[in-house]
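Novice: Chain residues, written in single-letter form:
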Amino acid sequence: MNTLWACAVALSTCLYVLLDGFDLGVGMLSAFAATDEVRRDMMAAISPVWDGNETWLVVTGTILFGAFPLVYSTLLSAFYLPIIGMIIALIFRGVAFEFREKSTWSRPFWDRGFSFGSLLATFSQGVVIGAVIRGVPMTAGHFSGSMFFWWSGFSVLCGFGLCIGYTLLGACWLAGKVSVKVDVTAFRCIPWLMLAVSGFIATAFAISVYTHLQVMDRWSTRPYLAVFPLIALIGLACLLHGVHKRVSRLLFRAASLVFVAAFATLAASFWPYMIPFAVTIDAAAAPPSSLRFLFWGIGVFVFPLTLVYTGVVYRIFRGPVQGGYRDH
Amino acid sequence: MGMTALMLSRLQFAFTVSFHIIFPSFTIGVAAWLMLLETLHVITKHHVYRRLFDFWLKIFGIAFGLGVVSGIVMAFEFGTNWSRLSEVSGPIQGPLLSYESFTAFALEAAFFGVLMFGRTRVKPVSYLASVFMVALGTTLSSFWIMVNNSWMQAPVGFVVENGKFIPTSWTHIIFNPVVWVRFPHMVLAAYLTGAFCVAATGAWYRLQTRYAAESRVMLRMGLFLAAILVPLQILFGHLNGDYVHQLQPAKFAAIEARWHDEQPAAEVLFAWPDDRRETNHDEIKIPYLGSLVASTRFNSREVGLTDFSRADRPPVAIPFFAFRAMVAFGLVMLALAWLGTWCALRETLDGSRRLLRAIFFSYPLPFLATLAGWFTAEVGRQPWTVYGLLRTADSVSPNLTVSATLTTLIVYGVTYMAIFSFGTLCIYRVMRRGPDAVSPTAVETPLRPMTLGNRGKDASNEGVAP
Numbered sequence: 001m002n003t004l005w006a007c008a009v010a011l012s013t014c015l016y017v018l019l020d021g022f023d024l025g026v027g028m029l030s031a032f033a034a035t036d037e038v039r040r041d042m043m044a045a046i047s048p049v050w051d052g053n054e055t056w057l058v059v060t061g062t063i064l065f066g067a068f069p070l071v072y073s074t075l076l077s078a079f080y081l082p083i084i085g086m087i088i089a090l091i092f093r094g095v096a097f098e099f100r101e102k103s104t105w106s107r108p109f110w111d112r113g114f115s116f117g118s119l120l121a122t123f124s125q126g127v128v129i130g131a132v133i134r135g136v137p138m139t140a141g142h143f144s145g146s147m148f149f150w151w152s153g154f155s156v157l158c159g160f161g162l163c164i165g166y167t168l169l170g171a172c173w174l175a176g177k178v179s180v181k182v183d184v185t186a187f188r189c190i191p192w193l194m195l196a197v198s199g200f201i202a203t204a205f206a207i208s209v210y211t212h213l214q215v216m217d218r219w220s221t222r223p224y225l226a227v228f229p230l231i232a233l234i235g236l237a238c239l240l241h242g243v244h245k246r247v248s249r250l251l252f253r254a255a256s257l258v259f260v261a262a263f264a265t266l267a268a269s270f271w272p273y274m275i276p277f278a279v280t281i282d283a284a285a286a287p288p289s290s291l292r293f294l295f296w297g298i299g300v301f302v303f304p305l306t307l308v309y310t311g312v313v314y315r316i317f318r319g320p321v322q323g324g325y326r327d328h
Numbered sequence: 001m002g003m004t005a006l007m008l009s010r011l012q013f014a015f016t017v018s019f020h021i022i023f024p025s026f027t028i029g030v031a032a033w034l035m036l037l038e039t040l041h042v043i044t045k046h047h048v049y050r051r052l053f054d055f056w057l058k059i060f061g062i063a064f065g066l067g068v069v070s071g072i073v074m075a076f077e078f079g080t081n082w083s084r085l086s087e088v089s090g091p092i093q094g095p096l097l098s099y100e101s102f103t104a105f106a107l108e109a110a111f112f113g114v115l116m117f118g119r120t121r122v123k124p125v126s127y128l129a130s131v132f133m134v135a136l137g138t139t140l141s142s143f144w145i146m147v148n149n150s151w152m153q154a155p156v157g158f159v160v161e162n163g164k165f166i167p168t169s170w171t172h173i174i175f176n177p178v179v180w181v182r183f184p185h186m187v188l189a190a191y192l193t194g195a196f197c198v199a200a201t202g203a204w205y206r207l208q209t210r211y212a213a214e215s216r217v218m219l220r221m222g223l224f225l226a227a228i229l230v231p232l233q234i235l236f237g238h239l240n241g242d243y244v245h246q247l248q249p250a251k252f253a254a255i256e257a258r259w260h261d262e263q264p265a266a267e268v269l270f271a272w273p274d275d276r277r278e279t280n281h282d283e284i285k286i287p288y289l290g291s292l293v294a295s296t297r298f299n300s301r302e303v304g305l306t307d308f309s310r311a312d313r314p315p316v317a318i319p320f321f322a323f324r325a326m327v328a329f330g331l332v333m334l335a336l337a338w339l340g341t342w343c344a345l346r347e348t349l350d351g352s353r354r355l356l357r358a359i360f361f362s363y364p365l366p367f368l369a370t371l372a373g374w375f376t377a378e379v380g381r382q383p384w385t386v387y388g389l390l391r392t393a394d395s396v397s398p399n400l401t402v403s404a405t406l407t408t409l410i411v412y413g414v415t416y417m418a419i420f421s422f423g424t425l426c427i428y429r430v431m432r433r434g435p436d437a438v439s440p441t442a443v444e445t446p447l448r449p450m451t452l453g454n455r456g457k458d459a460s461n462e463g464v465a466p
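Quick note, the sequences are listed as chains A and B, same order.
For the first sequence, the tail end lands on 328 under the numbering used here, and the numbers increase by one without skipping.
For the second sequence, the tail end lands on 466 under the numbering used here, and the numbers increase by one without skipping.
Honestly, the hints are just simulated from the structure, not real lab data.
Treat each hint with caution, since some may be false.
Claimed, not checked - Here are a few chain B residues that face chain A, going by a calculated C-beta distance under 7 Å: (1) Ile62; (2) Phe76; (3) Ser101; (4) Phe105; (5) Ala110; (6) Phe112; (7) Arg121; (8) Pro167; (9) Trp170; (10) Thr401; (11) Cys426.
Remember, it's a predicted structure, so these values are computed and weren't measured experimentally.
Beta carbons: idealized from backbone N, C-alpha and C, even for Gly.
Chain A on its own, in the form it takes in the complex (with noise of 0.2 Å):
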């Protein structure tokens, strides 16, 4: 029962980060908009859907609350500064939906408030990603690092790694869905961003083997890892392969498989803990009563439901979009 919640906790969080992740990344690249007219366009092919993709990240939350009580209070007050720099950076994206439709003069406000809170958003995910990889102090059970511990040349590489990373799904996501400006604007930045995420990629492996990050073991004690980085680079290839014969239907298919691979070698590197080398999945999860019955209505009924409707909203709105959707 633990290990299955743990495996639901993964499924939300890697949901979360596919879905959330482009169109926080579309918010990123919003920024670049030229014209008022191509952000409106930028915005509209994602609008139906940044909602429910934002649920994920209250899922997750909500999961490990329920399932896994000690992780979620200990992650939560430990990144108090970070997590609530993101919900305060998602506040100001999420109202911009509705403002920035409505505002006259102070419509620039809204869509900087849109762009900048994707970006800090986006870059307290990373941080927050990048400290838990190099470890959380705890002692006796508890956090007892300081306010700031989160801190570190390593994780705000993350930060900027994640943002790199997000906005190519974004970029993936908008070719061929919106317009014809927009789709050039994308085709031509993705290799950009796969060169930088590649880039990134290389200096984060470097440091962690430079400073002997404790995950680092864990490569030579499970060679079977490499497998999940060799799935990446068959993602990056079809990548290429897409946005050189401008097949937009592969592109984000092929994105979101490097993001999957990338998790899955987070996730499996850390198995079987939850904050790493610290607190394991038996040690965090909740009693079996709980467990049951999170198992009985959302394990069973509810978490299969919703992923079904989720696939069906993405149904309706699925293909390109002229001009938003909003002229009926």
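Put chain B on the given structure of chain A with help from the hints.
Specialist: Structure of chain B alone, referenced to chain A:
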């Protein structure tokens, strides 16, 4: 009280949750109203319902967005600021909030997209179903939140092991009688919020002699609904009082500002409670009424605050005044709903500008009543987070510093002020323009001739359904 991370965390939670509750209570009500409108439109094919639907959907969209972003804050605040609470009560509160995020958050978010952007992409029946799903989602959300909060108010179905709350019976937790008086109380509050906002909008257009057909529907439906729901709400309010009387005697005594045991007990109508001297100043009270209110008998013995040690008492002034404010707002709403309904039935409402103006200005009342009710319940629960078992002081995240908490409190404050004022401005603009701005190419109906262009300044109100 000095500035501590505990104090600041409490302020922050109070601020963020008070801000948040405004939107769900509005959107639950408006979602139900949208459901009604779309159903009526599908059945009667009457164009006025479609126009009203499109109009209110616009307003719903803004409020829903604000509700979502401020709700995300709540989902994380238990962990960021109350890590001790979430660690020890996580086995119970966590699964309840998981259910909330799955059955409510995810449901309404997914179908909200269809509602706002999918009218042309799905069949009318699927569209109606999506409206139902959003309304169901908002209501389920309040259900799980009320189960969760009721467990903190009156914990049942658990044992304590190693300092953690381990659930033993989810049936007891979910079917706790306290849940089933508090959940209806909250849903009714939300429906009343919707009803009064709808009626107030109708009254506003009526006063401006715009949108005769729409304002008539809004006024009548809003007022009729309120006329039935306010008495029901008062009944559930009374049942809430019963559970507090039975399970949270200290809270009850604080609400009544009763310092010493009394038999028969008097009802304090007004006073300035004084925590330090354990007495009231400038008290106005009615003998026997206190016993009657508490136990429906004239000579019952009622508990006073001094029965509890100082460390176990809630602050008195906030529950005392908040409760009275809630009751006062409720009574004003009752008077307006009944008077308005009476006049609407006799077709004299349009002529009575004073009443219309009162209905227009009544829209803040349900919001204020809801907030006052929550302040009574939550401040009255102090000094506990889990009533009688876990103190608020032992619930806060131990690693928080004053400077960090103060910073986040200020940032939240500034952010919320910015989005709240702009959100209100947006809603105001939509309302000022009215339904025409949303569906400018109004299909001509025999009941609403477009003689005056699209401005709809026809003062006629002849024979429009219902």
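Novice: Take the hints in turn and mark each one as holding or not.
Specialist: Hint check results:
1. Evaluation of the B:Ile62 hint against chain A yields a held restraint, the C-beta minimum of about 5 Å falling below 7 Å.
2. Hint status for B:Phe76 relative to chain A: holds, with the closest Cβ pair at about 6 Å, below 7 Å.
3. Proximity of B:Ser101 to chain A holds as hinted, the smallest CB-CB distance being about 4 Å (cut-off 7 Å).
4. For B:Phe105, the interface hint holds, since its Cβ comes within 7 Å of a Cβ in chain A; the closest pair sits about 5 Å apart.
5. Here the hint on B:Ala110 is kept, as its CB sits about 5 Å from the closest CB of chain A, short of 7 Å.
6. For B:Phe112, the interface hint holds, the least distance from its beta-carbon to any beta-carbon of chain A being 6 Å, beneath 7 Å.
7. Taken as an interface hint, B:Arg121 checks out: its beta carbon lies about 5 Å from the nearest beta carbon of chain A, inside 7 Å.
8. For the restraint placing B:Pro167 at the interface with chain A, the shortest Cβ-Cβ distance is roughly 5 Å, inside the 7 Å limit, so the hint holds.
9. The beta carbon of B:Trp170 is positioned within 7 Å of a beta carbon in chain A (closest approach about 5 Å), and the interface hint is therefore held.
10. Because the smallest distance between the Cβ of B:Thr401 and any Cβ of chain A comes to about 5 Å, under 7 Å, the interface hint for this residue holds.
11. A least Cβ separation of about 5 Å between B:Cys426 and chain A falls short of the 7 Å threshold, and the interface hint therefore holds.
Violation of the numbered hints given earlier is absent; every hint is satisfied by the structure.
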